[in-house]
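Single-letter residue listing:
4 protein chains.
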Amino acid sequence: MVPRYARPEMTAIWSAENRFRIWFEIEAHATDALAELGTVPKSAAKALWDWWATNPAIDVAAIDAIEAVTKHDVIAFLTWVAENVGDEARFMHQGMTSSDVLDTCLAVQLAQAADILLADLDALLEAIKRRAYEHKLTPTIGRSHGIHAEPVTFGLKLAEAYAEFSRCKLRLQAARAEIATCAISGAVGTFANIDPRVEAHVAAKLGLAIEPVSTQVIPRDRHAMFFAVLGVIASSIERLSVEVRHLQRTEVLEAEEYFSPGQKGSSAMPHKRNPILTENLTGLARVVRSAVTPAMENVALWHERDISHSSVERFIGPDATITLDFALGRLTGVVDKLLVYPERMQKNLDRMGGLVHSQRVLLALTQAGASREESYVLVQRNAMKVWESDGQLSLLELLKGDADVTAKLSADELTALFDLGYHLKHVDTIFDRVFGAA
Amino acid sequence: MVPRYARPEMTAIWSAENRFRIWFEIEAHATDALAELGTVPKSAAKALWDWWATNPAIDVAAIDAIEAVTKHDVIAFLTWVAENVGDEARFMHQGMTSSDVLDTCLAVQLAQAADILLADLDALLEAIKRRAYEHKLTPTIGRSHGIHAEPVTFGLKLAEAYAEFSRCKLRLQAARAEIATCAISGAVGTFANIDPRVEAHVAAKLGLAIEPVSTQVIPRDRHAMFFAVLGVIASSIERLSVEVRHLQRTEVLEAEEYFSPGQKGSSAMPHKRNPILTENLTGLARVVRSAVTPAMENVALWHERDISHSSVERFIGPDATITLDFALGRLTGVVDKLLVYPERMQKNLDRMGGLVHSQRVLLALTQAGASREESYVLVQRNAMKVWESDGQLSLLELLKGDADVTAKLSADELTALFDLGYHLKHVDTIFDRVFGAA
Amino acid sequence: MVPRYARPEMTAIWSAENRFRIWFEIEAHATDALAELGTVPKSAAKALWDWWATNPAIDVAAIDAIEAVTKHDVIAFLTWVAENVGDEARFMHQGMTSSDVLDTCLAVQLAQAADILLADLDALLEAIKRRAYEHKLTPTIGRSHGIHAEPVTFGLKLAEAYAEFSRCKLRLQAARAEIATCAISGAVGTFANIDPRVEAHVAAKLGLAIEPVSTQVIPRDRHAMFFAVLGVIASSIERLSVEVRHLQRTEVLEAEEYFSPGQKGSSAMPHKRNPILTENLTGLARVVRSAVTPAMENVALWHERDISHSSVERFIGPDATITLDFALGRLTGVVDKLLVYPERMQKNLDRMGGLVHSQRVLLALTQAGASREESYVLVQRNAMKVWESDGQLSLLELLKGDADVTAKLSADELTALFDLGYHLKHVDTIFDRVFGAA
Amino acid sequence: MVPRYARPEMTAIWSAENRFRIWFEIEAHATDALAELGTVPKSAAKALWDWWATNPAIDVAAIDAIEAVTKHDVIAFLTWVAENVGDEARFMHQGMTSSDVLDTCLAVQLAQAADILLADLDALLEAIKRRAYEHKLTPTIGRSHGIHAEPVTFGLKLAEAYAEFSRCKLRLQAARAEIATCAISGAVGTFANIDPRVEAHVAAKLGLAIEPVSTQVIPRDRHAMFFAVLGVIASSIERLSVEVRHLQRTEVLEAEEYFSPGQKGSSAMPHKRNPILTENLTGLARVVRSAVTPAMENVALWHERDISHSSVERFIGPDATITLDFALGRLTGVVDKLLVYPERMQKNLDRMGGLVHSQRVLLALTQAGASREESYVLVQRNAMKVWESDGQLSLLELLKGDADVTAKLSADELTALFDLGYHLKHVDTIFDRVFGAA
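Chains as they are written, first to last, in full-length UniProt numbering: chain B, 1 to 438; chain D, 1 to 438; chain R, 1 to 438; chain C, 1 to 438.
Incorrect hints may have been included.
Copies of the same chain look alike in the list, so a pair counts if it works inside one copy or between any two.
As the list claims (entries may be wrong) - Below 30 Å or equal to it, Euclidean Cα-Cα: the simulated BS3-like pairs (lysine-lysine) are:
hint, residue 1, residue 2
1, Lys385, Lys337
2, Lys425, Lys205
3, Lys385, Lys347
4, Lys129, Lys347
5, Lys385, Lys71
Rather than coming from a laboratory, the hints here were simulated on the basis of the structure.
Using the sequences plus the hints, can you model the full thing?
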């Protein structure tokens with residue numbers, strides 16, 4: 001976790017205090033269930049909750065000090081609780097194994113993290129939607145291969161982003177459902193020393209599903225899937241960021257990240273306004289994505305479990321979620337405050353001398369009876385002249401002066417083909433598909 | 001694609017012939033829709049289908065030869081079709097762009113591939129289930145950290161695998177649904193030159209959903225998700241393979257890959273029976289997983305599209321699906337024919353002198369009034385002696401001889417604690433969770 | 001391997017025939033050494049070489065047929081050789097293990113591949129150098145963050161690429177040296193059944209170093225390093241390719257990939273000239289890079305070896321080397337034939353109204369006695385006006401009209417600060433560093 | 001960075017204080033050179049060093065507070081220095097750009113990190129060497145595929161590790177040399193505003209090489225190579241760790257991680273001694289390796305630079321080096337204190353009834369005139385009986401009772417073939433190769 005790329009709410013999920021609070025709740029709910037089953041005295045559960053009701057501070061340093069001796073984190077925690085609760089605490093953790101606590105806790109943390117990320121996605125989607133409708137009909141050039149193609153609108157670009165992040169949301173909802181399971185099944189998952197009803201009780205209390213079959217640990221294919229989804233979301237962040245970076249290039253300048261009055265772009269070149277937020281997001285996407293492979297390497301634990309996954313998760317658990325949360329928040333800000341320059345979009349759209357209408361002419365020639373190959377030649381020979389003039393010549397004028405063309409299409413017909421509205425007639429259709437019909 | 005790790009059905013999906021067949025169907029269905037809309041003559045569509053009804057051979061070499069000149073694959077294909085169909089073919093591809101064909105074709109191929117993989121998963125699940133029930137109550141030692149822990153059954157190990165691959169199946173079904181979209185939206189996705197109803201028609205005919213908003217291409221987050229799921233499945237294959245490899249180790253030998261009579265394990269050491277299939281699967285898992293990162297790097301295409309994804313997909317499309325299909329098939333064979341040695345499992349289970357029952361004793365001591373810490377000490381001091389004897393001493397006998405222990409638990413009570421059935425009492429519960437109640 | 005991204009010379013290295021030829025040479029050289037040591041009759045070695053001198057065709061199908069029965073590739077090969085050579089062949093492979101042959105063969109193949117790649121790099125470096133000197137003093141705008149910064153020359157851009165690929169060459173030479181080792185040490189690397197002098201002899205004959213200590217296999221950290229270097233080279237290819245793609249953008253258009261007369265850029269838009277080669281290279285870089293992680297995952301083989309690396313290497317060995325060879329060749333062609341537009345470079349350089357000289361003014365103001373902060377303010381307030389005019393205003397003229405500025409610097413002094421030569425005065429120095437002093 | 005996997009010396013390299021100290025030294029040395037060239041007054045340089053000689057505390061909070069306003073870290077730092085040094089500080093940073101400071105600083109940090117890692121490798125190599133000589137002739141079974149093969153010694157296993165980490169050291173030395181460059185070349189690397197001699201001076205003072213050609217930034221292929229080497233080292237750590245984990249398995253138990261008296265292996269099973277250190281190292285290897293791909297993705301910065309690499313490096317710079325340092329230290333401790341059980345090794349070696357000698361018998365039969373195929377059959381039919389008896393039968397006895405065998409080899413000859421010394425006769429040779437002749 002790098003503090004400059006972290007927000008407090010998500011960071012708090014990964015604090016020692018939050019972890020220990022979750023541990024306590026797991027243990028105490030389990031003790032409730034054990035008491036209900038008659039395995040331990042009801043007074044034991046009551047003692048735990050009575051102490052908890054005092055809202056005790058979690059003394060992380062004290063627990064760490066105990067761990068330094070026992071070299072075992074859960075035992076250290078239980079010892080600390082026992083020091084506070086007293087003799088009744090000995091019934092706690094009855095029949096459970098450390099991983100019951102650790103893995104269920106991780107499930108809670110990842111579910112909490114997913115909830116924040118889902119809210120982040122909602123905020124991002126809202127910002128995108130607002131700007132999409134704002135620029136629904138703002139014409140701009142569509143580019144393939146970085147080369148001018150045909151007109152689109154800036155709203156369509158954002159509609160695409162909206163659809164993409166909507167898919168990301170669905171994926172994250174599925175991944176959250178997968179990860180949110182509770183395992184309290186004992187040393188090798190057989191429930192030998194603990195009744196399955198304890199697991200069911202704790203799961204219900206924590207809003208988790210039960211893990212159908214565990215092997216001391218919750219199987220890591222669930223986590224691999226979770227981090228893979230984060231990696232896909234990061235890749236979508238990269239895509240929109242790269243779009244902004246392209247639009248802000250000096251020669252393009254169709255949009256810019258918001259530039260605050262006090263901000264200095266460069267220590268040397270005071271005129272510079274750099275797309276540093278989206279460049280930063282491009283890098284953060286690489287960081288989030290780097291969690292995917294180790295998460296997949298974590299799946300093949302030996303036999304009923306080894307502990308190689310644990311150190312990996314201590315990194316990628318916080319890093320991937322905190323960084324993604326920050327990145328989603330930053331991207332939302334970029335979209336929300338993006339400076340959009342419709343005039344420059346129009347200027348760029350016009351700069352190629354009408355080449356963007358070439359395909360429509362091609363089709364019209366075909367409709368007018370020319371073969372596809374012939375039409376292609378007619379368009380291309382005029383298009384090339386415009387291209388080589390760097391847009392100083394007009395495709396429309398050249399076509400009007402090409403006798404082979406005018407043999408098929410009149411000047412008026414040609415003029416009608418150079419109509420921008422032709423390209424925008426289905427924007428409503430697409431918006432309805434993406435945002436839902438009004 | 002490496003031929004030795006490829007099966008014909010999946011390989012055929014990626015053949016040039018299959019690709020061209022799909023291209024034709026897309027073009028011909030689109031022409032139908034265009035004819036219905038009055039954009040092109042109905043005779044054009046009829047001409048295409050009439051020719052197709054003759055079941056013409058796809059002359060890949062001829063198409064390639066045309067491409068060598070045009071340097072454009074779709075134009076080459078259209079030219080070849082036109083050579084065969086005649087003049088009516090000029091109406092084909094009206095208003096479409098190459099990517100409409102290419103991306104929709106890729107969607108069809110990935111959906112076809114997913115269908116095979118889903119069938120593979122079904123076969124694997126069936127094999128696992130059969131063996132799981134066969135060994136539902138075959139006791140074996142559960143191991144954490146590679147160290148003996150407590151008893152499980154071999155059927156439980158397989159139930160875990162069944163649950164894991166069942167999750168893989170659900171993920172793949174979701175990924176298939178995501179990837180199976182049709183985009184026929186023209187040069188930059190605006191439908192400027194083609195009515196959205198064409199897309200809807202082709203989608204329906206090919207069993208695809210429409211792509212809500214495309215930008216010449218289908219957005220690559222869909223593909224990233226698809227390959228990520230393949231990577232997770234591969235990781236689960238690795239997990240089960242590593243389990244078999246461990247079980248086949250000389251010192252463990254609880255199970256073995258089937259060894260055919262004519263097979264030679266080593267050119268030098270004729271006695272060797274190596275788990276080469278599961279070692280191979282471990283490697284193939286790495287191969288499939290290696291597709292995930294480039295698929296994610298493909299997401300951030302520039303503006304409305306660049307073509308950097310294309311070369312990546314020419315590799316990972318076939319490689320990841322063909323290799324995963326092969327791997328699933330191979331793993332199914334391994335499971336199906338796995339030699340399982342219950343006697344050896346029992347022998348291994350017994351080799352630690354009863355240490356596997358230590359936790360139960362610990363709990364019983366706690367129940368009998370000892371503190372958790374005291375119980376721990378009592379068990380550990382006896383357990384350590386057994387451990388150091390390499391299982392020659394018996395934990396039960398030592399406990400019976402420890403006065404501090406017998407002060408809490410009688411000899412009979414101790415004996416009762418060393419009962420294997422205690423560990424297996426919830427196997428039915430777990431099987432019901434995994435396979436569904438009878 | 002994808003045929004369209006493969007060249008014959010590199011592909012041939014990975015053919016079955018080449019592999020079997022190398023196998024034979026390893027076996028025959030080893031037999032020579034064994035004969036010299038008196039372990040086998042000299043007639044055995046002679047028989048092998050006599051047969052080899054007849055330049056026998058390698059009957060891959062026959063060997064494959066034998067393998068189908070034995071399920072062991074080296075035994076199949078030895079059987080086939082014995083069928084051809086006769087009884088003397090029984091002395092072949094004495095004391096060796098399959099991996100002695102397989103791993104030493106792979107070392108030869110990777111060394112052969114490295115030699116081709118090194119030649120590729122030489123050709124690329126030569127092309128870059130030629131174009132670098134051609135455009136040594138062609139002014140163009142330097143960009144950071146995609147935003148105009150200060151002038152550079154196009155030759156400097158290429159000098160940077162030259163330096164980068166020179167480093168790549170050194171890395172590949174080191175990786176080649178690392179990978180080119182010979183191991184003939186028997187079943188677990190102890191030389192129990194084969195004298196170390198056999199290994200030394202074969203190594204010398206094949207131009208390899210001896211592997212100091214092997215464990216049936218050559219340790220895979222060597223291979224991991226080799227593929228990591230290929231991944232770095234691929235990343236450098238991506239960098240230069242992305243540069244070309246940027247330069248070819250419609251709004252920039254300072255350079256273009258060569259566009260052959262018959263080439264069609266788009267089936268729909270005949271005017272398009274797309275940077276498809278460098279986009280393709282961007283994708284191929286992802287492909288080559290994807291070999292790095294599995295190669296690293298291959299390192300941790302179990303004990304003296306397992307065979308999980310083998311399937312991985314069957315993919316990444318050919319794929320990474322063939323694809324990188326193709327990519328280097330393609331990039332060399334791109335550089336060699338790149339269309340460079342100095343006039344457009346100058347036009348872009350001028351389009352910001354002189355903002356590129358802002359830092360020099362800043363420094364001059366500081367030298368003239370203004371504080372750094374004051375100077376910054378003076379420059380920025382004028383620079384911002386130019387920026388907002390989209391380069392229609394001239395920074396020089398604005399500065400001349402700013403009394404706070406002219407209080408420090410005269411009009412003539414200001415004019416002198418807007419001299420392009422100021423930025424190019426150290427180009428020779430840098431060229432000397434990169435290409436060596438004349 | 002995860003504190004529990006971090007050591008203070010390496011962590012300090014990445015502290016804000018260390019970074020600011022390096023920044024100051026770069027700036028002050030540069031001011032010296034500028035003063036020498038007459039660009040700035042010598043008093044300016046003196047003022048900086050005079051202040052520095054007071055050993056001023058680095059007020060990180062103050063610098064951060066300034067950055068919160070300027071949103072630019074280097075400007076914030078310069079402002080803070082100026083507040084302390086006074087008016088003379090305005091000559092600092094003359095003609096430089098932020099990246100001159102940032103990238104040269106990163107080079108210093110990575111070189112510092114490499115020095116620690118090189119020392120770590122030396123310590124590890126020393127520990128391995130000591131244990132290797134200690135167990136140079138301790139016989140143990142060599143295993144391929146996890147299956148018993150032929151005898152080796154435990155010292156040989158360690159010699160292999162020694163050779164592998166020696167290679168890692170050479171790679172890291174090369175990577176350190178590559179990364180340790182100084183760039184002070186101004187806004188786009190042209191030295192327009194700063195003389196190349198400044199760069200040369202600072203480089204010399206900081207023990208760096210000059211960067212031959214930079215583009216505001218030091219090219220990122222250097223960093224990609226650096227992190228790739230860390231990834232390879234991590235993979236070698238994983239290999240040795242996996243070896244220890246295998247040796248500690250209950251059924252194998254040939255070695256164990258040191259187990260301290262107070263340590264609890266499990267909260268539930270007091271008898272457990274788990275290889276948690278090497279399992280942890282297996283996970284940490286995945287973490288370090290995960291830096292490789294983003295480092296490679298950082299190479300293709302846009303034009304003269306973008307800043308996407310920066311956020312990535314804020315993670316992987318500290319994470320990969322700190323984690324690798326910790327891992328190397330931990331592995332050194334594991335090797336140093338490893339509990340090795342020669343008796344158990346011998347027991348395991350004997351458990352297969354002499355099958356480990358099968359190849360030698362095979363060769364002897366061949367030498368005695370049997371064909372290779374015949375010999376193979378003779379050995380295998382007896383070997384299979386031993387195998388199926390789980391080592392209860394003796395291969396030597398069975399061979400003595402096989403008339404077809406004794407027709408070729410006498411009982412005494414057979415007995416002589418079952419000699420362990422035969423397998424160890426070249427251990428000295430291998431040790432000489434790895435550790436150098438005495």
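Structure-based check of each hint:
no.	hint	result
1	Lys385 / Lys337	between (40 Å within a copy, 22 Å between copies)
2	Lys425 / Lys205	between (53 Å within a copy, 26 Å between copies)
3	Lys385 / Lys347	both (20 Å within a copy, 20 Å between copies)
4	Lys129 / Lys347	within (25 Å within a copy, 38 Å between copies)
5	Lys385 / Lys71	between (77 Å within a copy, 22 Å between copies)
When the structure is compared with the earlier hints, no violation turns up for any of them.
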